[in-house]
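Trainee: Sequence:
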Amino acid sequence: MVFADENEAYNTYNAYAICKGFGVQKRQKTNNSKGVLRRCTFVYGVWEVTKFKDVHNHYFIDDKQKHLIQSYRHITDTNKGILTSMTGAGIRAIKAYSYLCDEAGGSNNIGFTLRDCQNFLQTKRRNLICAGQRLTNVFWSNGVSKLDYESFGDVVVFDTTYWTNKYNMICAPLVGLNHHWKNFLFGCAFLMDETIGSFVWAFRSFLEVMGNKAPKTIFTDQDHAMANAIRTVFLNFDHRLCIWHIGKNATHHISYPFGKPSFCDKYWHKVLYHCESEIEMESTWKVMCEEWNLGDNKWLDNMYRLCHKFESTNSVFQEMACKSMTLSEFVIHYEKQLEKMCNTEIADDYECARGKPYIMVKNSGILQHAVEVYTHVIYLNFQAEFLHVLSEHVLRSETDGQLHIYIVGTESSERKHIMHFCLNDSTISCSCKLFEMQGWLCRHALCVLTNVAKVTNIPSKYILKRWTKVAK
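The opening position of the sequence shown corresponds to residue 1 in this note's numbering, with each subsequent residue numbered one higher.
It is possible that some hints are incorrect.
Taking lysine to any residue and the SDA-like style, the derived pairs with C-alpha atoms no more than 20 Å apart in a straight line are [said to hold, decoys possible]: (1) K454 / I366; (2) K469 / R354; (3) K465 / E150; (4) K80 / L114; (5) K461 / L434; (6) K216 / T232.
Distance ranges between label pairs, derived from CB positions [what the hints assert, rightly or not]: (7) Y99 / F435: 39 to 45 Å; (8) T217 / D296: 30 to 36 Å; (9) T456 / Y99: 46 to 52 Å; (10) E290 / A353: 52 to 58 Å; (11) K433 / H74: 41 to 47 Å; (12) L403 / T76: 45 to 51 Å; (13) E411 / T456: 23 to 29 Å; (14) K270 / L390: 21 to 27 Å; (15) L395 / K454: 18 to 24 Å; (16) E398 / K270: 24 to 30 Å.
Rather than coming from a laboratory, the hints here were simulated on the basis of the structure. If you're wondering where the values come from, they're calculated on a predicted model, not measured in any experiment. Using N, Cα and C, we set each Cβ at its ideal position, and we do this for glycine too.
Based on the provided sequences and hints, a complete structural model is requested.
Mentor: Written out as C-alpha cells, the structure is:
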C-alpha cells in the first residue's frame, strides 16, 4: 500500500490494530540523507513489526475492552470544552465524565477513560488558574446546544449586559435564532473582566466547543475590547452592533432629543431602520444633527463612524443568571432554560407537522409553495409581505441584455425601490435588502416575480433552509 504521509500510514495501521484487538505506537523512524522520512517502525507489546503479515502470536483484546486501547483513546475538542466548562462550574471531574458517557451512550463510546479526563483537566487547569488560585473564566455549553448550532449557528448574539453571579463575574450568553423565530442558547461565558484577553478566551472556547465552525455574523454591543477580540479570533467575519444596545445607550448620551417623538419618529428611527442607501442615511443624519444641534456630540459622532455595523436584534434571555447564583446553580439553571426552549421547539415542530396556516390568497402558487416549505411563523411573515404585492406596481423598466431593471412602488408613497432581475438564472435583488436582512423575499421582488416573470414557485436559491420545516 502507498500512503501520502507518515500519519496516514500510522492511522491506517492503527485502525487495523483496533479492529483486530491490539494497540500500536511509534517507536523508531529512519530518514534518508536529505532528512526525508524513509521508514517508520510500529510496535505493539514487545514485538517489532517490519513487514505486514496478517498472522499474530498473541491474544486479541475482547471487543468489550477495545475502547481501553491507548492508541484508540482521544478527547475531542468538543469534549475538552465541555469538560473544562463543567469542572469550572464546580462539577467534579467524575460527574462531568459520567455526563459525557451518558450523552455518548456509554463509556465504551466516548473514546477516552476517566484517567484521560483527569489528566487533561490537570494540564488545562494550569493555564486557567490566576494568582489568587481561582478560575478566571468559565465557558459552558452542552451537546444539545452544539446540535442546534450546526443548523442555526449562522448568526450569534453575544451580550455582556446581564446580571453577574455571586462571584461578581460577567454573564455573557451566546444566543441564536431557530427556524420558528425563537431564541436558542448556544452557550454562556462567565468572565472576570471585560478585557481583550477575556473576550479572546471566550470566543476561542466557543469555537473549540463548536468544532471550530465560526458563525457568519455576530451581534454585540459597542465594547471596544470585544471588537478587538473579534478581529483577533475570527477571520472573514461580519461583525454587527445590536440596535437594542444602541437605543439603550442613546437614552444616556442624547437624552433630551431622544425623549421627543418628533426626533425619534422623524430622524432616529429612520436612520436605524428605514434608510435604503448610504446617501439617504448620510443626508438624514446631517439634517438631524443640524436641526437638533447635535454636531458636537462625541457619542453620536462615534455612532456615525460605526453606522455600517448597525443591525436590528433584541436583547434576549434577560434572566440568564442572578446575583445569588453559584456557578453550580447556574449550570442547573442553564439546563432548565435549555430544556424549556427545546420543549417549545418540539411543540412548534408538532404544530407545523399537524396543519398549515390559513392561505389568504387561495389561487397563489407562490403562497401554496411557501406554506409547504416554511415553518408557520416564517410563512406568516412571508404572507404578510406577499399581501402588499396587491398595492405595488412596476412604474418603469429597462433592459440590458438578460438583466432587467424595474422601478417598483405604490401610488401613495414617494419611496421607490430598484429591482434587478436576471432571466438567465432567476437572480433577483432589491434596494430594500429585506432578503439579506430577514431571509425571505420582499414585496417588491414578489411583485416582479408574480406580475412580470409569472413565477408560481419561490426560486430555490431564495428559500433558506434555516427557515424551513426541515431545517434540522
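Trainee: So, for every hint listed, does it hold in this structure?
Mentor: Results for each hint:
Between the alpha carbons of K454 and I366 the distance comes to roughly 10 Å, so the proposed pair stays at or under 20 Å and holds. Among the hinted pairs, K469 with R354 is consistent with the structure: their alpha-carbon atoms are about 12 Å apart, no more than 20 Å. Among the hinted pairs, K465 with E150 is consistent with the structure: their alpha-carbon atoms are about 12 Å apart, no more than 20 Å. Restraint check for K80 and L114: the C-alpha separation of about 13 Å stays at or below 20 Å, so the hint holds.
For the given pair, K461 sits about 15 Å from L434 by alpha-carbon distance, which is consistent with the 20 Å threshold. For a cut-off of 20 Å, the pair hint linking K216 to T232 stands: about 15 Å separates their Cα positions. Checked against the hint of 39 to 45 Å, the C-beta distance between Y99 and F435 comes to roughly 41 Å, which is consistent with it. Taking the beta carbon of each, T217 and D296 are about 33 Å apart, inside 30 to 36 Å as hinted.
The hint said 46 to 52 Å for the Cβ distance between T456 and Y99, and at roughly 51 Å that hint holds. Look at E290 against A353: about 56 Å separates their beta carbons, and that is inside 52 to 58 Å. Restraint check, K433 to H74: a C-beta distance of roughly 45 Å satisfies the suggested window 41 to 47 Å. Look at L403 against T76: about 49 Å separates their beta carbons, and that is inside 45 to 51 Å.
Roughly 26 Å separates the CB atoms of E411 and T456, a value that falls within the hinted 23 to 29 Å. As the Cβ distance of K270 to L390 is approximately 26 Å, the hint placing it in 21 to 27 Å holds. Distance hint for L395 and K454: a CB-CB separation of about 19 Å, consistent with the stated range 18 to 24 Å. A hinted range of 24 to 30 Å holds for the C-beta pair E398 and K270, which are about 29 Å apart.
Hint violations for this structure: none, all hints satisfied.
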